[in-house]
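Engineer: Read off the chains here:
Number of protein chains: 4
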Amino acid sequence: DLPLTLIAGPCQLESRQHAFDMAGRLKEIASALGIGLVYKTSFDKANRTSLSGKRGAGLDAALPIFADLRRELGLPILTDIHEREQCAPVAEVVDILQIPAFLSRQTDLLVAAAETGRVVNVKKGQFLAPWDMKNVVDKITASGNPNVLLTERGASFGYNTLVTDMRALPIMAALGAPVVFDATHSVQQPGGHGGSTGGQREFVPVLARAAVAVGVAAVFIETHEDPDRAPSDGPNMVPIAELPALLERLVAFDRIAKSA
Amino acid sequence: DLPLTLIAGPCQLESRQHAFDMAGRLKEIASALGIGLVYKTSFDKANRTSLSGKRGAGLDAALPIFADLRRELGLPILTDIHEREQCAPVAEVVDILQIPAFLSRQTDLLVAAAETGRVVNVKKGQFLAPWDMKNVVDKITASGNPNVLLTERGASFGYNTLVTDMRALPIMAALGAPVVFDATHSVQQPGGHGGSTGGQREFVPVLARAAVAVGVAAVFIETHEDPDRAPSDGPNMVPIAELPALLERLVAFDRIAKSA
Amino acid sequence: DLPLTLIAGPCQLESRQHAFDMAGRLKEIASALGIGLVYKTSFDKANRTSLSGKRGAGLDAALPIFADLRRELGLPILTDIHEREQCAPVAEVVDILQIPAFLSRQTDLLVAAAETGRVVNVKKGQFLAPWDMKNVVDKITASGNPNVLLTERGASFGYNTLVTDMRALPIMAALGAPVVFDATHSVQQPGGHGGSTGGQREFVPVLARAAVAVGVAAVFIETHEDPDRAPSDGPNMVPIAELPALLERLVAFDRIAKSA
Amino acid sequence: DLPLTLIAGPCQLESRQHAFDMAGRLKEIASALGIGLVYKTSFDKANRTSLSGKRGAGLDAALPIFADLRRELGLPILTDIHEREQCAPVAEVVDILQIPAFLSRQTDLLVAAAETGRVVNVKKGQFLAPWDMKNVVDKITASGNPNVLLTERGASFGYNTLVTDMRALPIMAALGAPVVFDATHSVQQPGGHGGSTGGQREFVPVLARAAVAVGVAAVFIETHEDPDRAPSDGPNMVPIAELPALLERLVAFDRIAKSA
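In the order they appear, the protein sequences are chains A, B, C and D. No gaps in the numbering here: position 57 of the first sequence is 57 in this note's numbering, and each next residue is one more. No gaps in the numbering here: position 159 of the second sequence is 159 in this note's numbering, and each next residue is one more. No gaps in the numbering here: position 23 of the third sequence is 23 in this note's numbering, and each next residue is one more. No gaps in the numbering here: position 200 of the fourth sequence is 200 in this note's numbering, and each next residue is one more.
Since the hints were made in silico from the structure, they are not lab data. Some clues are possibly wrong.
Using 27 Å as the maximum straight-line C-alpha spacing, the simulated BS3-like pairs for lysine-lysine come out as follows [unchecked claim]:
| hint | chain 1 | residue 1 | chain 2 | residue 2 |
| --- | --- | --- | --- | --- |
| 1 | D | Lys258 | D | Lys27 |
| 2 | A | Lys27 | A | Lys45 |
| 3 | B | Lys27 | B | Lys45 |
| 4 | A | Lys258 | A | Lys27 |
| 5 | A | Lys258 | D | Lys258 |
| 6 | B | Lys258 | A | Lys45 |
| 7 | B | Lys258 | C | Lys45 |
| 8 | D | Lys27 | C | Lys45 |
| 9 | B | Lys258 | B | Lys27 |
| 10 | D | Lys27 | D | Lys45 |
| 11 | C | Lys27 | C | Lys45 |
| 12 | C | Lys27 | C | Lys258 |
The following block holds chain A by itself, in its conformation from the complex (with noise of 0.2 Å):
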């Protein structure tokens, strides 16, 4: 049981300049916890509630730039994919190659994301139940890839809300692949403001703290300087100013969920 790491970072890339501030301040609460972390961003986003959501920096763009976050800062990348043909780009110059939840079914991707060799973390289907995921390991690890992360982000409870089963936890653990709890998506309010997805900030403290009482490998929190005017995920997204009194109340949870 190796002690709590932090998955976080900005929802989208905004910029490089946004990237690099966002990066080398979560880097430093991470270094003051004395916890580990991996700088989480997008490139796209790809199933936005409506046409006129905003997408992202792009493939191209991001690319350089997730590049150099990772060797100037020496921090591990994560981003999600979204079509098999960006899988090898994309691993060039990240560590986790994250598998969006709607896709997690979506056999071409699960094995172009495993084939890169990196570590792939799939974020369980709002539609599928925990034991459900030995299928999804399975396609990733019958492709060469032991190298798997399994993420919970909530499951459907009647309409345009989600619902986190700490049950899942465990279960998921139980397939063998270290368990993310995703605290900033399990507050999501999918279509619940018509034209986005609504969100509920003060929950995600909440379901974060329930989740690594229970035991997890890692947290992953979005984050943003200022989560009201950020381009997309803003209401559920946590200010960065509350982050560091959030995590060390974590990380002193986190030592007794892992002591003998």
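With the hints as your guide, set chains B, C and D onto chain A.
Structural biologist: Chains B, C and D in isolation, oriented as in the chain A frame:
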């Protein structure tokens, strides 16, 4: 209110001969009842539960067969696409491009399908509310294609279970798109058999009767001469021998449903 | 397969005059359509959302009115009971004792109702699966009363929402009890209005059509001459003026549903 | 924020001797950890899945035992009541009257419990949203009793399954009532064993850890020296031998959860 149309066929394109046999038999059945028929078949099952699930004939083998079916039998063809590159070549030989439910929020796929000018049939995600489909319709119509169909195929209800909310039918119709009821996938038990998805064929007539009485433009029913030996979706396909009696009753319900 | 029966009436017994007016009007409607009628009304609403919700006339005031309605109009009467002490006195003047959904697992109430010898209609709890009703039926029949009806009225679906699973109708029928579809409470939005329960009257015909096409013994519809001024369940009661047209269509569906 | 209290005991009152043995052992465990203890036990199981399920000692046999437990061991006692007539006599010998989840909207029972002046602990119905409990609290406080506890015990999630939404804990706390987490009934599988309710004892620690990390006033855990031989709720009771280690960790989480 046009009379009910039937969208039917086997889950997968198994072979040229099998496709012609099934399409011919379905054409006879539809003619005898005086209803319209769209022939449905898939060239690839891109999200099988496990890697070992049979995926189908593949795009290259399928397109000439689709073209011949259409020309020789005079039937409109519907098939599902999974990647944006597939849209243009498939659109040359089919009449309706279908977006799978898991992919119903993937903007690029929706736009690529829309830009072919073909009718686009979007299956409502198991994780979406019926009113969420407004944004999906908008993505297609804003791309210049007004020909959208929406298909109900069940909503996530706890683990490994779908439920059909019949209110979804009029709610989606109010978005301005003709509504299809997929009686086959609505009775799936996702992941219910461990390494494959289960189904409850006995409830296909139950849900189809309910949906037609509420009022739909079309009913979608996968069928096979021997479902238990079909390469996919066997547990929820209806034996073709049982189809005429079921359809006869659906047509009678449809007449009452659409009477003034 | 007997023809469809109508169970109808206002949610609450408001006054002797109102009850006679409603029952008389319903009797005319049912006669015109040639269908059976059971008059439904409640003497007490024991689980209103808030203390200030109107509870009804009370047992003592209601029983003589029930007796007179039954004798003068020749109508069977259905009412709901909430405590075991109510079973015996109520059974003297009504034909069907109804167990509310929240109380569908309360053994003493079920047994007391069974022991009256009257027909017992149990509403399926919003928290129960249709197959769970087997144990409920057994509690009544093991108490020496074989006359059980089971009513579908929706299942919990996330927060403040119910969904009707039409598969529940044949599943419960297979338990050996005639099945009633309650189209009124299936469209409730429990707690949806803060201090009171909401409803979506516009979906009563939708769900009633679906259920009758699947096949039920009876349809339960609460009605009122002016639902928006009714003391309870107004948002989901159908104006009585709209009932004849709705029922006419239901009767047509029922004939097809039950044809050989 | 007072330190965590333990509400514990066997599901049923089995015998005077068994009650004294269990209560004595629990008192030792709680003392060793320096936490408060409320002894929980039921005199009647009024909603067993089937008629043949054991119901318990009964009111008359139980009350003197409750009185003796309380006097001789100095422990506050909690028991559940099912009918309004039970409230007054039970209130004479117990400290907390508990309203079962299925009955959480029964106005007369809530008011009768409130009028005893004892603390009233209401279990949130599996069919209610956490914010719906505001009306429940209001029914009790409007009856002149401000001493209300609210208990989370899971929400309906598809069929035969409950899910615990950890957001419910702070939402209910914001209603002004101390919140209890019932780790025992939250892992029930209602109706999951056909003629009896199943459970998943292995998830009791998982959910208890999560809830305590979020922050609760008390945790409710049913326990038994040999759960598999207990007359009810065996599948979800924790063996008392495992309780000290579990509680030790919960107390550590509680300290961090409630630190400034």
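Engineer: With reference to the structure, classify each hint as holding or not holding.
Structural biologist: Against the structure, the hints:
no. : hint                  : in the structure
1   : Lys258(D) - Lys27(D)  : 24 Å, holds
2   : Lys27(A) - Lys45(A)   : 25 Å, holds
3   : Lys27(B) - Lys45(B)   : 25 Å, holds
4   : Lys258(A) - Lys27(A)  : 24 Å, holds
5   : Lys258(A) - Lys258(D) : 20 Å, holds
6   : Lys258(B) - Lys45(A)  : 42 Å, violated
7   : Lys258(B) - Lys45(C)  : 38 Å, violated
8   : Lys27(D) - Lys45(C)   : 43 Å, violated
9   : Lys258(B) - Lys27(B)  : 24 Å, holds
10  : Lys27(D) - Lys45(D)   : 25 Å, holds
11  : Lys27(C) - Lys45(C)   : 25 Å, holds
12  : Lys27(C) - Lys258(C)  : 24 Å, holds
Violated hints for the displayed structure, listed by number in ascending order: 6, 7, 8.
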